[in-house]
Each structure stands twice: as C-alpha cells, then as structure tokens.
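Participant: Sequence:
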Amino acid sequence: MLDLVIEARQASLGHGLEVHRILPFRLKRMVGPFIFMDHAGPVNMVPEQVSQMDILPHPHIGLSTVSYLFGGQVMHRDSLGVEQIIRPGEVNWMTAGRGIAHSERFEDPTTLAGGTLEMIQTWVALPEKDEEDAPAFDNYQPGQLPVFTEKGVWMRLIAGQAFGLNNSVKTHSPLFYLHVVLEPGARFGLPQGHTERGVYVAKGSLEVAGRTYTTGQLLVFNSGTEPVLVGREKTTLMFLGGEPLGERFIWWNFVSSRKERIEQAKADWQQGRIPLPPTDNQEFVPLPEDRSRPAGWPSPQPLS
9 MLDLVIEARQ ASLGHGLEVH RILPFRLKRM VGPFIFMDHA GPVNMVPEQV
59 SQMDILPHPH IGLSTVSYLF GGQVMHRDSL GVEQIIRPGE VNWMTAGRGI
109 AHSERFEDPT TLAGGTLEMI QTWVALPEKD EEDAPAFDNY QPGQLPVFTE
159 KGVWMRLIAG QAFGLNNSVK THSPLFYLHV VLEPGARFGL PQGHTERGVY
209 VAKGSLEVAG RTYTTGQLLV FNSGTEPVLV GREKTTLMFL GGEPLGERFI
259 WWNFVSSRKE RIEQAKADWQ QGRIPLPPTD NQEFVPLPED RSRPAGWPSP
309 QPLS
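Just so we're on the same page, my numbering is the position in the sequence shown counted from 1, plus 8.
I should point out that these hints are in silico values taken from the structure, not numbers from a laboratory. Some hints here could point you the wrong way.
[As the list claims (entries may be wrong)] Here are the computed lysine-lysine pairs in the DSS-like style, where the Cα-Cα straight-line distance is at most 27 Å:
| id | residue 1 | residue 2 |
| --- | --- | --- |
| 1 | Lys-159 | Lys-242 |
| 2 | Lys-36 | Lys-178 |
| 3 | Lys-211 | Lys-36 |
| 4 | Lys-36 | Lys-159 |
| 5 | Lys-211 | Lys-242 |
[Said to hold, decoys possible] Distance ranges between label pairs, derived from CB positions:
| id | residue 1 | residue 2 | range |
| --- | --- | --- | --- |
| 6 | Arg-240 | Leu-35 | 22 to 30 Å |
| 7 | Asn-174 | Thr-233 | 30 to 38 Å |
| 8 | Glu-115 | Thr-222 | 31 to 39 Å |
| 9 | Gln-290 | Thr-220 | 31 to 39 Å |
| 10 | Arg-266 | Gly-79 | 33 to 41 Å |
Remember, predicted model here, so these are calculated numbers, not experimental data. Note that CB positions come from ideal geometry on N, CA and C, so glycine has one too.
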C-alpha cells in the first residue's frame, strides 16, 4: 500500500530563511511529473530584515514552477516583463520552456512579521515535446480553483484533475495537485486514475493503516491501492502526482530529458542568453561553480 515515506530535509536559503526540502529524493526522484518540492516557513522575521530574504533573478529550463502560499505575499518578476504579487490561495504557474529568469522579492515590510509567510513550491517537469516551448506565466485567482467540502474535509484543486474536479490551470501532462484540510477524525482517500500518488503532511498528523505520520513527511503510495487517510488532529495536506514522464536530469535550476541540454543552459546563463527581468536586472544569482553540489541552489538560493 505505502511504497515509501520521504522525510523532509532542512535546507537554508540564507539570512535565516529555512525550508523543508522534500523532492528530489535519492530513492524517489519524482512523483508523477513533480520533480521538486520545498516547504518554506512559517517565517517570523522583523520587518527590517525583509529585504534580506529577496530571491535574486535566476534561470530555469524544462519545467514549470508552481508557487502556492498559505500566508504572506511575494512579488514575482520575470524576463517576460510580468510583475505579479502572489497571495494565499492563488497559483503562480510559470513555464520555463527553453528558458526564463525570475525573481521573488518580499517588498511588503510586514510579510514576514508574525510568522505569516508560508509557501509550497514545486517544479513540474515538462514532456519532451514541450521542453523547448516559449516561456509563459499565468496567475490564477482563488475563484478559478474549485473547492470541495464535506463533513470534516476541505479541499481546493490547485491543478489537474481529481475527484471529478478540474479547473482552467494550464498543465502539460496528466497530473493532480490539491490543498486538503482534514478535521480531527475525518476520513478521506486518494484520487483514482493516476499512476503515481503522494501525500505531503504540511501541518498536523495523519493516520494510515494504524500508523501515524507527521509534519514534514511525504507518503508515496503504490498504484492501485486505496488507502484511508484519517486526520489525527486538524491537518493540512498537499496531494500531488500523475503520470510519470521518464528519466529527467536535474542540475541547479535546470531540468531536461537530455544531459547536453543542461550543459547548454549553463552556458546560456553564463553568457547572458537568458534575459533578466526588465524591471529587476541589476543583480542575479551566478552559475554555481561547484559541480559536485547536489541538485539545489547556491547561497543565496532561490525558492524556485
């Protein structure tokens, strides 16, 4: 039934901003098309320190970054000229395709005060046929994301299809991504019709087949099983998965089905062929020099 339990690892993005890194994992690089997952916060900093948290312009290829906030707000700027504040319950879906750069800045001085900033960031790998598409960006408001409720269960469909729900979020392969809240004692299942399925415990604790799982654990379930998830307390979950895309290579912020494309992306960033955001182009994250570093970010490291 339960194939694997992945424990989130602590990672520092500098200046006191810590994240829980869930994917990739050495025994499970991807769940469906999801190849990266970080949980940041809740962050509690004094307003004077907010600017230190800014995530400088950095590049991506071959993936979509998906930003979803539980609290706080972030200003997104990218090389398409997009400037977008993302707030809780919204979805920022940025498709890098052949190459994009973006920054994330905390320009509201109260955004980190009182532990309000908390966000989940995932990367969704693109199918081979879409890896070289033109970059794109979309912001989806809460009203565009259907919500389902029943006794003890609240659920928002972030993207894809699940439990008979769908929305207008543009995806490139079959997947599901949900924000689920269970009240104590509430029972719920996983969406059917998907080859790979995972449940991340963002807050609280969960019982499955008599065992308890807690905050920071990603539960990966075998195909065809129908587990019953029981909230031990008020529990916030992220459901994610879908159809596998095949092997992907990941280095720093680059994802591709081809190793040589990763090398090209490195050169493109070093030589300025991936443009910076037009309104945020005075600084950027340089290409890491340490090629032995595990997949991730240099210091200071971007959230996505």
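Participant: Each of the hints needs a verdict: does it hold here or not?
Facilitator: Do the hints match the structure? See the list:
1. For the hint linking Lys-159 to Lys-242, the alpha-carbon distance of about 13 Å falls within 27 Å, and the restraint holds.
2. As the CA atoms of Lys-36 and Lys-178 are separated by approximately 26 Å, the hinted pair is consistent with the 27 Å bound.
3. With a C-alpha separation of about 22 Å, the suggested pairing of Lys-211 with Lys-36 holds against the 27 Å cut-off.
4. For the hint pairing Lys-36 with Lys-159, the CA-to-CA distance comes to about 34 Å; that exceeds 27 Å, so the pair is violated.
5. Distance check on the hinted pair: Lys-211 and Lys-242 sit about 8 Å apart at the alpha-carbon level, within 27 Å; holds.
6. Roughly 26 Å separates the CB atoms of Arg-240 and Leu-35, a value that falls within the hinted 22 to 30 Å.
7. Between Asn-174 and Thr-233 the C-beta distance comes to about 24 Å, which lies outside the given range of 30 to 38 Å.
8. Separation of Glu-115 from Thr-222 is about 34 Å and conforms to the stated range, judged on CB atoms against 31 to 39 Å.
9. The hinted window of 31 to 39 Å between Gln-290 and Thr-220 is violated, with their beta carbons roughly 49 Å apart.
10. Under the hint 33 to 41 Å, the C-beta atoms of Arg-266 and Gly-79, about 39 Å apart, fit the expected range.
The earlier numbered hints that this structure contradicts are 4, 7, 9.
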